[in-house]
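Asks: What follows is the residue order along each chain.
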Amino acid sequence: SQELEQSPQSLIVQEGKNLTINCTSSKTLYGLYWYKQKYGEGLIFLMMLQKGGEEKSHEKITAKLDEKKQQSSLHITASQPSHAGIYLCGADGAQTGANNLFFGTGTRLTVIP
Amino acid sequence: NAGVMQNPRHLVRRRGQEARLRCSPMKGHSHVYWYRQLPEEGLKFMVYLQKENIIDESGMPKERFSAEFPKEGPSILRIQQVVRGDSAAYFCASYRGPDGYTFGSGTRLTVV
Numbered sequence: 157s158q159e160l161e162q163s164p165q166s167l168i169v170q171e172g173k174n175l176t177i178n179c180t181s182s183k184t185l186y187g188l189y190w191y192k193q194k195y196g197e198g199l200i201f202l203m204m205l206q207k208g209g210e211e212k213s214h215e216k217i218t219a220k221l222d223e224k225k226q227q228s229s230l231h232i233t234a235s236q237p238s239h240a241g242i243y244l245c246g247a248d249g250a251q252t253g254a255n256n257l258f259f260g261t262g263t264r265l266t267v268i269p
Numbered sequence: 004n005a006g007v008m009q010n011p012r013h014l015v016r017r018r019g020q021e022a023r024l025r026c027s028p029m030k031g032h033s034h035v036y037w038y039r040q041l042p043e044e045g046l047k048f049m050v051y052l053q054k055e056n057i058i059d060e061s062g063m064p065k066e067r068f069s070a071e072f073p074k075e076g077p078s079i080l081r082i083q084q085v086v087r088g089d090s091a092a093y094f095c096a097s098y099r100g101p102d103g104y105t106f107g108s109g110t111r112l113t114v115v
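Read top to bottom, the protein sequences are chains F and L. Its first residue numbered 157, the first sequence is counted upward by one per residue in the numbering used here. Its first residue numbered 4, the second sequence is counted upward by one per residue in the numbering used here.
Hints may contain errors.
[Unchecked claim] Here are the computed distance ranges between Cβ atoms for each label pair:
#1 R99(L) x I200(F): 16 to 24 Å
#2 G19(L) x H214(F): 43 to 51 Å
#3 E211(F) x E44(L): 28 to 36 Å
[What the hints assert, rightly or not] Only part of the chain F face toward chain L is listed, based on derived beta-carbon distances under 10 Å:
#4 Y191
#5 E197
#6 A234
#7 P237
#8 A240
#9 L244
#10 D248
#11 N255
#12 L257
#13 F259
#14 G262
Hints are computed from structural coordinates only; laboratory data are not their basis. Glycine included, each C-beta is placed from N, C-alpha and C at the ideal position.
The whole structure should be built from the sequences, with the hints applied where relevant.
Replies: Have a look at this one:
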């Protein structure tokens, strides 16, 4: 079965600092999703990556998928308190026979004003 | 497009009662997934349904839990004879290729 490992598990940064969250897969990723979850709320879709070397940006958040398609990173530039929450990477299991999106353990981000 | 709609947002049940959670997928989506998030844990897949069919229920507990997605109406996740350990947030997602997976806001079940 495929496993997703996120690092770090938690992160505390000062407002204005840059940060990176990593998501590593034990198998090739065919679809990698990034979501953000605020405490007690649902998942907000951030980005989906499918191609090796692909990079997407939205506002101050950039996500990349490496050429080997086994690692993805999420980079936040000039963090703000609004970026605080739990960041989840999810892998599409369709290509490996799993009929669902399965998730890493999450990274809890705290931004100190 | 109203997105994925889940209701109720919060549900309180006494031990032994039944809990019914509803999920209406996005318009045009016919694939529904249910996930459970226990306190301080990640999202765990429970079941994948298409209209009138259960495709994959490998993540569903063997007893007390059932799911359906009828031809008309929302998908229902049903938990019979709830216990304290069922307290969790239950999320529904719908899927369509170009849109990927879209999640609802979840139902937070508390068993007292």
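Asks: Please go over all the hints and tell whether each is borne out by the structure.
Replies: A quick look at each hint next to the structure:
The supplied range of 16 to 24 Å is met by R99(L) and I200(F), whose beta-carbon atoms lie about 18 Å from each other. Separated by about 46 Å at the C-beta atoms, G19(L) and H214(F) satisfy the suggested range of 43 to 51 Å. One distance hint, 28 to 36 Å for the beta-carbon pair E211(F) and E44(L), holds here, with the actual separation near 30 Å. Annotation: Y191(F) was flagged as interfacial toward chain L, and the flag holds, the nearest CB pair being 7 Å apart, inside 10 Å.
About 6 Å separates the beta-carbon of E197(F) from the nearest beta-carbon of chain L, less than 10 Å, and the hint is met. The criterion of a C-beta within 10 Å of any C-beta in chain L is not met by A234(F), whose closest approach is roughly 27 Å, and the hint is violated. With 10 Å as the threshold, the beta carbon of P237(F) stays out of range of chain L, its nearest partner Cβ sitting at about 22 Å, so the hint is violated. For A240(F), the interface hint is violated, the least distance from its beta-carbon to any beta-carbon of chain L being 17 Å, above 10 Å.
The criterion of a C-beta within 10 Å of any C-beta in chain L is met by L244(F), whose closest approach is roughly 7 Å, and the hint holds. Given hint, D248(F) at the interface with chain L, holds; its Cβ is 8 Å from that chain's nearest Cβ, closer than 10 Å. About 4 Å separates the beta-carbon of N255(F) from the nearest beta-carbon of chain L, less than 10 Å, and the hint is met. Interface restraint check for L257(F): the shortest CB-CB distance to chain L comes to about 5 Å, inside 10 Å, so the restraint holds.
Hint status for F259(F): holds, given a least beta-carbon distance of 5 Å to chain L, under 10 Å. Hint status for G262(F) relative to chain L: holds, with the closest Cβ pair at about 6 Å, below 10 Å.
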